[in-house]
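Trainee: Count along the sequence shown starting at 1, add 2, and that's the number in my numbering.
Calculated from the structure, these hints are not laboratory results. Some hints here could point you the wrong way.
As the list claims (entries may be wrong) - Using C-beta positions, here's what the derived DEER-type ranges look like: (1) TYR10 <-> ALA423: 30 to 36 Å; (2) GLU252 <-> ASP191: 44 to 50 Å; (3) ASP18 <-> ARG305: 23 to 29 Å.
Quick caveat: nothing in here was measured; it's all calculated off a predicted structure. Heads up, the beta-carbon is just placed ideally off N, CA and C, and yes, glycines get one too.
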Amino acid sequence: MIRISNIYLPPDYNNDDIVKRAVKELNCHRESIKEINLFKLSIDARKKNDVHFLATIDVQVKNENQILNKAKSKRITAVKKYTYEQPVCRNNNFKTVVVGAGPAGLFAALILARSGMNVTLIERGKDVEKRTHDVNDFWNGGKLNTNSNVQFGEGGAGAFSDGKLTTGTKDKRIRKVFEEFALHGAPEDILYNAKPHIGTDKLKPTIKAIREEIISLGAEVLFETQLTDINISENRVKSIVVKTNNSTKEIYCHNIVLAIGHSARDTFTMLKNKGLALEAKPFAVGARIEHLREDIDKSQYGRFYRYEKLGAAVYKLNTHLSNGRGVYTFCMCPGGVVVPAQSQENTVVTNGMSYYARDKVNSNSALLVGIKPEDFGSSDPLAGMYFQQEIESRAFAVGGSDYSAPIQRVEDFLKDRKTSALGKVTPSYKRGIKKSDINKIFPKFITDSMKQGIVDMEKRLKGFADNDAILTGVESRSSSPIRILRNTTMEALGINGLYPCGEGAGYAGGIVSAAVDGIKCAEKIIEKVNR
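All chains, full assembly: derive it from the sequences and hints.
Mentor: What follows is the structure in structure tokens.
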């Protein structure tokens with residue numbers, strides 16, 4: 003197969019444009035081309051008078067060697083298609099329990115089940131269909147279900163997000179993750195878009211399809227089944243204790259994939275009490291910042307902002323402040339909404355969510371300030387978790403007893419005054435809002451950093467500091483504040499058979515990296531069992 007990189011395409015390109023570029027680059031006849039597929043497609047918007055796509059394409063041709071020999075462009079290379087080698091379990095006398103059905107747990111269970119291993123996947127929340135009903139009920143004014151919400155349930159926190167598949171990791175298994183999502187119903191464009199996303203509406207049926215394959219392979223999947231204890235004998239996993247249907251039961255196993263997510267605070271407390279090696283890790287807190295989508299699109303794309311193929315504009319900003327803090331945007335949701343994301347009563351937590359079409363009126367992202375363990379004022383490995391809880395409780399107190407979220411115009415935030423009236427941006431947070439002063443929720447070092455960050459980011463994205471942009475508090479669950487220490491075999495320090503995994507264990511930061519970590523844990527278990 004021949005790969006051609008950095009092909010210029012106009013913002014309104016069609017398939018024929020791609021064919022013409024391939025013919026020109028390869029200096030061949032159109033009839034010589036058997037198949038063309040996009041491998042990567044990105045938007046180059048650095049020059050607002052020349053917004054265009056840059057594409058990398060894979061071409062299958064007749065007489066490949068002959069065409070390669072006469073090709074002179076450095077953009078042309080011969081490549082082999084990536085293929086994941088599924089490991090095979092040669093000893094199914096060992097049982098593995100996967101705890102958590104987020105991306106890490108789902109992909110670990112999928113690889114283990116395909117290998118032929120005896121697998122049980124447990125999830126404290128409900129399946130994605132029932133979970134969606136509970137989430138919508140809460141968003142529309144109903145009661146918070148503390149085990150079935152934006153944080154807990156099949157699909158993990160990512161099921162109610164943008165379904166963003168961007169990642170900073172370079173692991174070759176990333177391609178495997180994308181291919182599995184596409185195989186199970188996600189849009190095919192995730193295989194080539196430089197900034198791929200599935201959208202919450204298309205991610206949910208994709209998650210269901212993965213679960214159904216896991217079950218079809220002989221694995222057991224148990225919802226509304228919460229891990230409450232791990233029994234360890236002679237530094238080796240023996241069993242787990244779970245709570246289900248108001249009763250407890252013991253499940254014997256040889257290996258545990260601990261993919262609990264970043265919000266299982268009761269589980270972290272249990273692990274600390276069991277004596278596991280935990281440490282507080284840096285994470286970030288802040289608020290959601292919301293602008294009119296059209297304003298962001300114009301700022302990013304200039305006169306091209308109405309071109310359909312470009313879609314709603316994405317941004318990613320960061321700045322390093324003079325006080326040593328880092329401020330950055332995270333989980334940007336173009337054409338999306340801000341959603342309630344709490345998992346504990348009497349707290350307010352926000353997240354961003356987009357549907358695949360990204361066609362809502364506003365665009366939003368998290369505006370986060372990096373914090374370090376020394377900021378927590380304690381050496382307790384759970385200190386970051388307590389720090390989160392305190393901020394979330396303050397947001398609830400400021401927002402009111404009905405789970406309304408505190409909001410503030412950016413101009414008012416920068417001038418330290420409570421918001422009394424809204425401007426052109428209408429907050430999208432559905433549960434209810436309360437005009438407030440977000441400065442009262444966070445420690446001063448966080449709000450001072452947010453303010454400086456907003457001003458600095460305006461220099462790179464015109465309109466980011468728009469007076470009428472809305473801050474909605476709080477964003478506190480961007481990543482885990484805790485790391486469960488593990489060794490080179492990916493097992494918890496000193497405990498044979500316990501595999502801390504994914505974002506909650508402190509080894510991932512998003513859907514893709516969590517899924518990759520799940521695959522790696524599964525591979526380690528199969529390798530050990532085969533020995």
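Trainee: May I ask you to test the hint 44 to 50 Å on the CB atoms belonging to GLU252 and ASP191?
Mentor: Cβ of GLU252 to Cβ of ASP191: about 46 Å, so the range 44 to 50 Å holds.
Trainee: Quick check: does the Cβ-Cβ distance between TYR10 and ALA423 fall within 30 to 36 Å?
Mentor: violated, 47 Å
Trainee: Within 23 to 29 Å: is that where the Cβ-Cβ distance between ASP18 and ARG305 falls?
Mentor: holds, 24 Å
In terms of the numbered hints stated before, the structure departs from hint 1 and from no other.
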